[in-house]
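Based on these hints, arrange chain B on the given structure of chain A.
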Amino acid sequence: MDWSKKKVMETGLPWIIPTLLVFGWILVSEFALVPGYLLPRPQEILSTAYNYLFQEPGQAPYAGRFWSDVRASLVRVGSGFGLATVLGLPFGLVSGRLPFAQKVMSTFVNGLRSVPGICWLPIALVWFGIGLKTTIFLIALAAFFPIYINTAAGARQISPILLQSGAMMGVTRLRGVFAVLLPGIMPDLMTGLRLGLGISWAYLVLGELTGVPDGLGAVIMDARMLGRIDMIMLGIIIIAVIGRLSDTLLMFALRSFFKSARRTG
Amino acid sequence: MNVGRRETLRRDEILRVEHLFKEFQLNGTKQMVLEDINFTVRRGELICIAGRSGCGKSTLLKLIGGFLVPTSGAVILDGKRVKKPGTDRCFVFQEDALFPWLTVEENIAFGMRRSPGAHSGHQNEIERFLSLVGLADFREYLPREISGGMKQRVALARVLILKPGVLLMDEPFGALDAYTREEMRDLLLSLWEQLGQTILFVTHDVSEAVLLADRILVMGKGPGRIHKEIRVPLARPRKNYGEHVPQLTRKLNEIIREKSEGA
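Listed in order, the protein sequences are those of chains A and B.
With the first letter of the first sequence counted as 1, position 90 gets the number 154 in the numbering used here; the numbers rise by one all the way through.
With the first letter of the second sequence counted as 1, position 174 gets the number 175 in the numbering used here; the numbers rise by one all the way through.
Just so you know, these hints were derived from the structure itself, not from any lab.
Wrong hints could be hidden among the right ones.
Each computed DSS-like pair below joins lysine-lysine, with the alpha-carbon atoms no more than 27 Å apart [as the list claims (entries may be wrong)]:
#, chain 1, residue 1, chain 2, residue 2
1, A, Lys323, B, Lys152
2, B, Lys164, B, Lys63
3, B, Lys260, B, Lys222
4, B, Lys229, B, Lys240
5, B, Lys31, A, Lys167
6, B, Lys152, B, Lys164
To list a few chain B residues with every Cβ distance to chain A over 12 Å, as calculated [said to hold, decoys possible]:
#, residue
7, Thr41
8, Glu46
9, Gln95
10, Asp97
11, Asn125
12, Lys260
Partner residues aside, some chain B positions facing chain A, computed with beta carbon under 7 Å [to be verified]:
#, residue
13, Phe22
14, Cys91
15, Pro101
16, Tyr242
Backbone N, C-alpha and C define an ideal beta-carbon position, used for all residues, glycine too.
For reference, chain A alone in the conformation it holds in the complex (with noise of 0.2 Å):
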């Protein structure tokens, strides 16, 4: 059967990785080649993501906090990335389209770009305090470079005759924004939103970091400092898992709203 073949291989090629990666940790820990305290055994971890992500909250630390961890990110998350896109869109579109605007942004957003996201962290803190705000202004600024970019550079690089015909067939300029640039621009558009959304959840981690009482990262922190090796690593781990989700839920959220992602994206 070629067919079920092409499907094994295709369900199963991303998983090979994590499995040897896993079976090594296992051997690695077994053999009791490194630490405990250093590498914990897989089994150890599965336990507490158990106690985590199931047990009633209150009976140990971190018991059943994970929903409302996963919450607080989320929502961090969700506002800076969604900030980002507010602003990083009609900015590279307008960047990308007019040559004035290009001179007037590009030195301002590429000198911006260069500073590490890091060095906002204290002036975040100065600002905005600890907290909600402090870590969506960094995600924010973090995630509107790539969607600004990519944005700009698709926009300039659609080709012309595409919006001639669009001009010749009726379209006003503005009205062509949505009938054919935004489409014409949807791949350049996509890589944009999914670099952005993946860096929002890095500076997630960055903005919870600084002390807040709830988040992912806020958990990875506390962890650290009570010498609970096997809570950061499932802390990590949950956050691939879900920075992952969030790139397949984005990419499905697209395709299913507009035509040009689902056919040229």
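Just chain B now, kept in the frame of chain A:
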């Protein structure tokens, strides 16, 4: 009755190009690309503009389309001066100009859906033009899934459906193989006859011009100018063999060669 009178008055002339000059800035120096272009087109005529590459024939078409602004002179369509692109002057480009995210049917419907008026009649029109270009069975296909010839048929249908005052074609069959090119020429002629569409067709292939046109404007370069205007007296259908077509083609090629050597 007034409307009818205006029709008869204007029946003859639809497009007038008057003392058209176009200058480009190239590396700081001005270069005259088109010099004093004058001609008129009658409603329903099929005109070919023939000339070597670089003679400014595409520039001329873009000026008529409103994508470029003339240095001086005017393009007058149906009594109105052309200032910007509009649905009364539609292009068929040489390259891929279809929207890659729309199906064949959606591409053809694109302009129609944006025009005001009876929406109930739109679907009928879309069906009619799908079958006129022979793509009814391919309506669900995306541009990347169909051949070059089929793409150009979609490009033709999506503008013919808007019934533009003049259809501007910029070497539309230049990227096709010889057999498909012949097929497309036949299709174009049959659509032209059925719809009474006025067409301005730019080509560097003189025999193509002879096979298609009522009149041929021969252009030369340095600066671009219309050197000769030739009425093609041959009855249709014309074939690219026998006596007449090759003879006229040879004659026109000679004129073009002469003019480009003189320049």
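Consistency of the hints with the structure:
1. Between the alpha carbons of Lys323 (chain A) and Lys152 (chain B) the distance comes to roughly 19 Å, so the proposed pair stays at or under 27 Å and holds.
2. Note on Lys164 (chain B) and Lys63 (chain B): the hinted pairing holds, with a Cα-Cα distance of about 19 Å set against a maximum of 27 Å.
3. For the given pair, Lys260 (chain B) sits about 8 Å from Lys222 (chain B) by alpha-carbon distance, which is consistent with the 27 Å threshold.
4. Simply put, Lys229 (chain B) and Lys240 (chain B) have alpha-carbon atoms about 23 Å apart, close enough for the 27 Å limit, and the pair holds.
5. The straight-line distance between the Cα atoms of Lys31 (chain B) and Lys167 (chain A) is roughly 26 Å, inside the 27 Å bound, and the hint therefore holds.
6. Between Lys152 (chain B) and Lys164 (chain B), the direct Cα distance comes to roughly 19 Å. Compliance with the 27 Å bound is thereby established for this hinted pair.
7. Here Thr41 (chain B) stays apart from chain A, with its beta-carbon at least about 22 Å from theirs, past the 12 Å limit.
8. Every C-beta of chain A lies more than 12 Å from that of Glu46 (chain B), the closest at about 20 Å, which supports listing it as non-interface.
9. A beta-carbon of chain A comes within 12 Å of the beta-carbon of Gln95 (chain B); the shortest separation is about 9 Å.
10. With a minimum CB-CB distance of about 8 Å to chain A, Asp97 (chain B) fails to clear the 12 Å threshold, and the non-interface call is violated.
11. Non-interface call for Asn125 (chain B) relative to chain A: holds, since the shortest CB-CB distance, roughly 19 Å, exceeds 12 Å.
12. With a least CB separation of 30 Å from chain A, Lys260 (chain B) remains clear of the 12 Å interface cut-off, as annotated.
13. This hint is violated: Phe22 (chain B) has a C-beta 23 Å from the nearest C-beta of chain A, more than the 7 Å allowed.
14. Annotation: interface hint on Cys91 (chain B) holds; nearest CB of chain A at approximately 5 Å, less than 7 Å.
15. At a threshold of 7 Å, the smallest CB-CB gap from Pro101 (chain B) to chain A is about 5 Å, leaving the interface hint in force.
16. Contact between Tyr242 (chain B) and chain A, as hinted, is not supported at the beta carbon level, the nearest pair being about 35 Å apart and thus beyond 7 Å.
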